[in-house]
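Protein chains in written order, with UniProt numbering: chain R, 1 to 359; chain D, 1 to 359.
If you're looking for bench data, these hints aren't it; they were derived computationally from the structure.
Model, not experiment: these values are computed from the prediction.
Check each hint, because a few of them may be wrong.
In the DMTMM-like style, the derived pairs of lysine to aspartate or glutamate whose C-alpha atoms are separated by at most 20 Å in a straight line are [what the hints assert, rightly or not]: (1) K301(D) to E291(D); (2) K74(D) to E43(D); (3) K123(R) to D233(D); (4) K171(R) to D211(R); (5) K123(D) to D233(R); (6) K123(D) to E58(D).
Residue strings, one per chain:
2 protein chains.
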Amino acid sequence: MQKILNVALAKRSYPITIGENLLSGFQHFKLQAGQRVLIATNETIAPLYLQTLIDMLEKHGVKTDSVVVPDGEKYKTIETWNSILTTLLANNHTRSSILIALGGGVIGDVAGFAASAYQRGIKFIQVPTTLLSQVDSSVGGKTAINHPLGKNMIGAFYQPQSVVIDLSCLKTLPQRELSAGLAEVIKYGIILDTKFFDWLEEHINDLLNLDVNALSYCIYHCCELKAQVVAADETEQNMRAILNLGHTYGHAIEAELGYGNWLHGEAVSVGMLMAAQTAKLLGKLDQTDIERIKNLLIRAKLPVNRPKKMSIESYLPHMLRDKKVLSGQLRLVVPTKIGHVEVMDGIDKSIVLESIANV
Amino acid sequence: MQKILNVALAKRSYPITIGENLLSGFQHFKLQAGQRVLIATNETIAPLYLQTLIDMLEKHGVKTDSVVVPDGEKYKTIETWNSILTTLLANNHTRSSILIALGGGVIGDVAGFAASAYQRGIKFIQVPTTLLSQVDSSVGGKTAINHPLGKNMIGAFYQPQSVVIDLSCLKTLPQRELSAGLAEVIKYGIILDTKFFDWLEEHINDLLNLDVNALSYCIYHCCELKAQVVAADETEQNMRAILNLGHTYGHAIEAELGYGNWLHGEAVSVGMLMAAQTAKLLGKLDQTDIERIKNLLIRAKLPVNRPKKMSIESYLPHMLRDKKVLSGQLRLVVPTKIGHVEVMDGIDKSIVLESIANV
Ligand SMILES: NC(=O)c1ccc[n+]([C@@H]2O[C@H](COP(=O)([O-])OP(=O)(O)OC[C@H]3O[C@@H](n4cnc5c(N)ncnc54)[C@H](O)[C@@H]3O)[C@@H](O)[C@H]2O)c1
Ligand SMILES: NC(=O)c1ccc[n+]([C@@H]2O[C@H](COP(=O)([O-])OP(=O)(O)OC[C@H]3O[C@@H](n4cnc5c(N)ncnc54)[C@H](O)[C@@H]3O)[C@@H](O)[C@H]2O)c1
Ligand SMILES: [Zn+2]
Ligand SMILES: [Zn+2]
Chain R
1 MQKILNVALA
11 KRSYPITIGE
21 NLLSGFQHFK
31 LQAGQRVLIA
41 TNETIAPLYL
51 QTLIDMLEKH
61 GVKTDSVVVP
71 DGEKYKTIET
81 WNSILTTLLA
91 NNHTRSSILI
101 ALGGGVIGDV
111 AGFAASAYQR
121 GIKFIQVPTT
131 LLSQVDSSVG
141 GKTAINHPLG
151 KNMIGAFYQP
161 QSVVIDLSCL
171 KTLPQRELSA
181 GLAEVIKYGI
191 ILDTKFFDWL
201 EEHINDLLNL
211 DVNALSYCIY
221 HCCELKAQVV
231 AADETEQNMR
241 AILNLGHTYG
251 HAIEAELGYG
261 NWLHGEAVSV
271 GMLMAAQTAK
281 LLGKLDQTDI
291 ERIKNLLIRA
301 KLPVNRPKKM
311 SIESYLPHML
321 RDKKVLSGQL
331 RLVVPTKIGH
341 VEVMDGIDKS
351 IVLESIANV
Chain D
1 MQKILNVALA
11 KRSYPITIGE
21 NLLSGFQHFK
31 LQAGQRVLIA
41 TNETIAPLYL
51 QTLIDMLEKH
61 GVKTDSVVVP
71 DGEKYKTIET
81 WNSILTTLLA
91 NNHTRSSILI
101 ALGGGVIGDV
111 AGFAASAYQR
121 GIKFIQVPTT
131 LLSQVDSSVG
141 GKTAINHPLG
151 KNMIGAFYQP
161 QSVVIDLSCL
171 KTLPQRELSA
181 GLAEVIKYGI
191 ILDTKFFDWL
201 EEHINDLLNL
211 DVNALSYCIY
221 HCCELKAQVV
231 AADETEQNMR
241 AILNLGHTYG
251 HAIEAELGYG
261 NWLHGEAVSV
271 GMLMAAQTAK
281 LLGKLDQTDI
291 ERIKNLLIRA
301 KLPVNRPKKM
311 SIESYLPHML
321 RDKKVLSGQL
331 RLVVPTKIGH
341 VEVMDGIDKS
351 IVLESIANV
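Next up, chain R with everything else stripped away, as it sits in the complex:
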């Protein structure tokens, strides 16, 4: 059984198809015989899924070639982005070609930015293969690469023509990566939907066990919630900021410890608890809600304590360089109860430091 969510944004609108064994089906890709595609993927995913996808597309008359880049956040760089562009050029791809990103958020982000930039924009299909990328990068059209001076600092807003979420791919995903995805899932409950948070408390084990019905409901619902936020605010002026709950703190961890030591979702898990502490210190959140959040994160097998080798002072420079910061003022998203957040400007640095210390 397939679920289809239509994401309607401004002039553009595209379907997200969610189901099992979608790599073996053609229709949801929205491609036509005779078209040319370049599939971008990485060294881990290529041996698992690349040939299945190529065979299916070629069977339907789509001409494919592929580029396989190294695996890891540390390769989300200008160089990897350039290598995708070079492959497009070397293989004489025109503006009618389509780029398919087959992989997690790293591949989706770097390939998406390559699609946006190649000849000033070619069509782009997302095939997210991690839970995190399925619930998060599928919607919103953010693409990016990292710079030595900051994560996701270079990129574009660029929408795919179609997103294909094959639940079967999750079977090969390492447990730690699955949990990292659950951090973003739990985030949606905290920022927007108390009932969904309740549902998660009930079904977190089903998700960990890859129960297809639970996954399908959960991913659809997360994409729907994100689509609502993004539709209200496509270029992240305001409302969309709530999706960054835990991310300003989290990015500091990722940047300081080097991308890839802590997973993004793990850093977000701890970052959400820091944001919850900030809310508590500002008198805006109860200890009971903090406990509920923390317990759910623990059950999802996520870290709930900050990395001990990182000093409290070392967070601030990273946080001040964060995109969400406006003219040097600290802007943070903080939960005020489960299912509700506020965006707060000019939070005192001492409160930020104490929030970090408390986690």
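Given the structure of chain R, go ahead and fit chain D with the ligands onto it with the hints provided.
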């Protein structure tokens, strides 16, 4: 006296201000006291105009810093683009910062693409200082960098918030560069406006002598013509292709001889004559019109013969890799009379080769 042209595109709209000594005036920049800008320019332009601009902006309370890159088309690269992004990051510029491109088309294109990509897009002001960039890159929102495998292959569609055309800057522009700009000016006459072509035949010497009234009328009119075309077709699906008259042939010259040996406008001059030959071979253009075009180009001090060291066969591989090519089919813009062009698909290669040989 200033002329202001309002370019109205989709959701965005911005003013192009044309006049003398605009670098010493503030209002047309559409900036406010307290804002931060990074000025991107090159080693040739910096000693001429950078301090004037900085002094004026600082006087009005705008905080400026600058990045000076090497001069030349061969530096329109990923590396130069990255160096602008690195400066933005190293100086802690936020999403509220504004990037100003002070220079010709190279600076405009690479800085524009940097503005589009920095934190997925910051505001951008164009200060074009060559005639070519004033009549061409000011309108349309194309930004780009080159790749070793092709010119302008990487970039974005990205609109400035304001364009400031200071006619006084043209006084320091080398004669050869002025003529290169006139190639694009003459192009507008050929593709769209027979009366403007007549006007040019009458006023070409005034333009070469930098007569302010002639320049002001000419630049305003060129921007207006381009704006009409672009408004009809913002992402270059169709109509906008007519602006590429002479460019498919011209890019082959630029690419084969190495960017920078032939100026863009010089290559376009010869390329337009090749396109005219193609039209003639297809029985679509009179010899009299070819003569008028050629004479005007000669009077504008532009080359009208192809580079002799480049073989006729060496054009095709470049032309087939051109962005304007659709799935391997040659697509060319050809003039059918002065003031009118057609976009033609699937032109026979032998006709292309003969067109090149005839120029
Ligand atoms: N664009 C957006 O809106 C958005 C949203 C959230 C996160 N992101 C970005 O996404 C990245 C994190 O994404 P991620 O968590 O997917 O990381 P990732 O892409 O690095 O994938 C995690 C690991 O799992 C492997 N993998 C992926 N799918 C697999 C599968 N089916 N089976 C086995 N292994 C598999 C990958 O090779 C990698 O080693 C970050 O760079 C983050 O900035 C982007
Ligand atoms: N974005 C667009 O729509 C668009 C349109 C046309 C061309 N372009 C691009 O523009 C580039 C060509 O632009 P260009 O002809 O302006 O080249 P350019 O930017 O290289 O400038 C030409 C030369 O003149 C110098 N110069 C610039 N202004 C000067 C001044 N006032 N006084 C003295 N010297 C000055 C420059 O330093 C350079 O040496 C190409 O890369 C082309 O692809 C872009
Ligand atoms: Zn995230
Ligand atoms: Zn041109």
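Okay, the hints, checked on the actual structure:
The hinted pair formed by K301(D) and E291(D) meets the criterion: a straight-line CA distance of about 15 Å does not exceed 20 Å. Note on K74(D) and E43(D): the hinted pairing holds, with a Cα-Cα distance of about 14 Å set against a maximum of 20 Å. As the CA atoms of K123(R) and D233(D) are separated by approximately 18 Å, the hinted pair is consistent with the 20 Å bound. Straight-line distance between C-alpha atoms of K171(R) and D211(R) comes to about 11 Å, which keeps the hinted pair within the 20 Å bound.
For the suggested pair K123(D) and D233(R), the alpha carbons sit about 18 Å apart, so the restraint of at most 20 Å is met. The hinted pair formed by K123(D) and E58(D) meets the criterion: a straight-line CA distance of about 18 Å does not exceed 20 Å.
Every hint from the earlier list agrees with this structure, and none is contradicted.
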